[in-house]
Amino acid sequence: MGTNELIDKLEDYFDLSKKKQRKKHDKLVKIIHKLEKKKSRLEHKALREKEIDATSSRYHDVERELRVISKLISKAEKKDLDA
Amino acid sequence: MLSRVIAPLLFLVFAWFVVSNNDARTIIAGVAIFLIGMHYMENGFKLFSGGALETVLERFTGTTPRAIFTGFLSTSVVQSSSLVSVIIISFLSAELIGLTQAVGVVFGSNIGTTTTAWLVSAFGLKIKISAYALPMLIFGVVMQFSKHVSYKGIGSVLIGLGFIFLGISYMKEGFETLKEGLDLAEYAMGGYAGVAVYILLGAVATVIIQSSSATMAIIITALATGQIDYINALSLAIGANIGTTVTAAIGSLASNQNGKRLAVAHLIFNLVTALFAVGFIYQLKDLVEWLAPYLAIPAGDDTMRLALFHTIFNVIGVLLVVPFLKQLVNFLETLFRDDEKARGRAKYLTPEVMEIPATALAALRKETIHLYDKSVEAIVHAMNLHRTEIFSDAEIDEVIERSTSPIKINVDEVYQSELKSLYGEIIEYASMSQTYMDQQGNNEIFELKQAARKIIEMVKDVRELQKNLNFYSKSHNSFIIEQYDKLRAELVEVLRIIQELRENDFDEEDVLTRVEVEKVNAKEREIAQNYEVDALIREHKIDSHSASSLINDITFAQSISKKLLTCAETLWVRDEEMKELGDEYGYE
Chain F
1 MGTNELIDKL EDYFDLSKKK QRKKHDKLVK IIHKLEKKKS RLEHKALREK
51 EIDATSSRYH DVERELRVIS KLISKAEKKD LDA
Chain E
1001 MLSRVIAPLL FLVFAWFVVS NNDARTIIAG VAIFLIGMHY MENGFKLFSG
1051 GALETVLERF TGTTPRAIFT GFLSTSVVQS SSLVSVIIIS FLSAELIGLT
1101 QAVGVVFGSN IGTTTTAWLV SAFGLKIKIS AYALPMLIFG VVMQFSKHVS
1151 YKGIGSVLIG LGFIFLGISY MKEGFETLKE GLDLAEYAMG GYAGVAVYIL
1201 LGAVATVIIQ SSSATMAIII TALATGQIDY INALSLAIGA NIGTTVTAAI
1251 GSLASNQNGK RLAVAHLIFN LVTALFAVGF IYQLKDLVEW LAPYLAIPAG
1301 DDTMRLALFH TIFNVIGVLL VVPFLKQLVN FLETLFRDDE KARGRAKYLT
1351 PEVMEIPATA LAALRKETIH LYDKSVEAIV HAMNLHRTEI FSDAEIDEVI
1401 ERSTSPIKIN VDEVYQSELK SLYGEIIEYA SMSQTYMDQQ GNNEIFELKQ
1451 AARKIIEMVK DVRELQKNLN FYSKSHNSFI IEQYDKLRAE LVEVLRIIQE
1501 LRENDFDEED VLTRVEVEKV NAKEREIAQN YEVDALIREH KIDSHSASSL
1551 INDITFAQSI SKKLLTCAET LWVRDEEMKE LGDEYGYE
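Going line by line, the protein sequences match chains F and E. Note that the numbering used here gives residue 39 to position 39 of the first sequence, counting from 1, and the numbers run on in steps of one. Each number in the numbering used here comes from the position in the second sequence (counting from 1) with 1000 added on.
Treat the hints with care, as some may be off.
As the list claims (entries may be wrong) - Below, computed lysine-lysine pairings styled on DSBU-like, alpha-carbon distance capped at 30 Å: (1) E/Lys1147 x E/Lys1449; (2) E/Lys1408 x F/Lys23; (3) E/Lys1579 x F/Lys75.
Simulated from the structure, these hints should not be mistaken for laboratory data.
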C-alpha cells in the first residue's frame, strides 16, 4: 500500500465524510419518500374536492398544500443531488 | 488566614513529605495517576456517549426500582457517580424526570460506585494490569487525533483506563516496598474505637482526594499488601462513603435548588447507611463470611470480601431508605422551595452540563421554548388577547370580539425585567457550550440562538404595534378597527396552529408542511390586507395618517407571524435535514 493510499484510508477512517454523506443521502431519500406519500394522498383528496366544488375554499386549501409539498420535494431532491 | 498561611504551610509539609519519603511518593503518585485516569474517563464518556447515557437515564427511570437499577448500571459502566449526578440534576432542572426518580438514580448510583472495588480487587490486584495500561495509553492517544468526537471520546476512555490501571499498579508497588521499612498494620486498632478512628480517616482521605473510588483503590491495595487490618479496612470503606457525601454537599452549595435537593438526599442516604454499617459492622462482617463461598470468593481473599462488604452495606442502605422515599422527597421539596420570583431567570440552563453536548442542547432548546412562551404571553397581552381564549374552541371572530378592552401591560418593562436577562443567559450559555460541540451541535446552537433573537425581535415589533392598536381601538372609525382586528385574528390563527403542532405528536413532515403552508397563507393575507387598505384610502374611508400607521402595523404583524412560524420550525422540527427544507430565507 502506497503512502497516499494509506493517508486516504486514514482520512476516510477518521473524517468519516463518506459515511456522513451516505447517511445524509439515506435520510433525504426517506424524507422524499414520506413527502411523496403525503403528496399522493393529497392528490386524491384534491381530485375528490374538485369533483364536489372546484371553487370551494377546501379545494384551494388542498391545492395550496400540494404546491408546498411539491416545492419541499424538489428542494429535497436538489439537496440530495448536491450532496 | 487559612488560604494565606495555613494552606501554603500544609503544602510545604506535604511537599517535604513527598520528596523525602520514596515509598509514600510512589503511593501518592499512584493516587494522582488514578485521579487523572478518572478525569479522562469522565470526559471521555461525556464525548463518547453522544447522548446515549442521557437517553438511558431519561427513558429508564419510570419507576423507583427502574431508576435505582438504571443509576446502578450507568454508574457501573461509566465509573463516575459525579457524571451521573450532573446529568440527573440537569434532567431534574429540565423537568425530564421527577425528584423521586432522580433520588432513585442517586441511590442506585451509590451501589454502582461499589463496582470500582470489585474491579480493583478482582482484576487490579490479580493480574499485572500495568501491562495493559501502556497499550491502552498508546491507542487512546492515537484516537485523540481523530476528527470524530466519538473516537476522541473512546480515546479518552482508554487513556483514563490506562492511567487508572497504572495508578493502581503504582499504589500496590508503593505499599509493598513501604512494608519492608514500615508496617502500618502495627497501628491497627481493634474494637469500636478502631472503627471510629478508621471511619474518620476514610472520610478525611475522601474529602481531601475528592473521590471515593480513589480512596477505595488505596484501601484495597493497602489491604492486599497487608498494610491494614481487614476490620479497619471495612471502617475505612464506611468512612469513604461519608467523605464522598461531604464532597457532594460542598459542590451543591453553588448549585441550583435541584442540585441541593439531591445532595441532601445523598447525605441522608449515606448517613443512614453509615450508621447502620457502624452499628452492625461485626454482623455485616459475618454476613460477608457466610456469603463469600456462594460467590466463589476464595478463602483468605480479604480484598474481594471488602468489595462484597461495600456492596452489601450500600444495598442495605437503599433497602432502608426506599420505603421512606415519598417522605424524603416531600421533605426535600419543603427544604428547598422553588423561587417563584425568579421570573427573568433561566430554568433549565445548568452550568454543570455545559460540557455534555446532547444534554446542553436539550437544556438550550427547553430554555428557548421557555423564552418563547414568556414572549408570547407578552405579545398576546399587548394585542389585548388572552391565551385561554386563543387556545379555546371558540371561533377566531368570537375570540376577537370578546377581547376588546386594552390589557394593561408595559411591554418595555416586561422586556427589561424578564426577557432581556433570560435572552442574555441563553446567548451566554449557547456561546460557552459551543466550544464543546461538534459541527452538527454548533449548527443546532446557531439555529437556537437565531430563534431566541427572533423571539426578542417579535417583542420589539409588538411594542410598536401596541401603541397604535390601543389608540385606534378607541376610534369611531369602524373600518380602521376592523383592520386592526384582522391583525389580531392573524396572530390567533398562527398561534393556534403552533399550539396544535406542540400538543399533538405529528410526524415531522406534517409539522413542516403545516408551518410552510401557514407561511404561504400569512404572505397571502398580507398582500390581501394591503389591497384592502389601498381601497380604503381610495374610497376615503380612512385618512392618510391612519393609513400610514396601519401599513406599518401590517408589516409589524406580518413580521411577528413569520418569526413565530420560523421559530416553530426551529423548536419543534427536530430532524436537521427536514428543517433545512424550510423556506426561511426565500420567505424572508
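Now for the hints, and whether the structure bears them out:
Restraint check: the Cα-Cα separation between E/Lys1147 and E/Lys1449 comes to about 25 Å, which is no more than 30 Å; the hinted pair holds. In summary, the hint linking E/Lys1408 to F/Lys23 is not supported, as the alpha carbons are separated by about 53 Å, beyond the 30 Å threshold. Only pairs whose Cα atoms come within 30 Å are accepted, and E/Lys1579 paired with F/Lys75 is accepted, the gap being roughly 12 Å.
Against the hints set out earlier in the document, a violation occurs for number 2 only.
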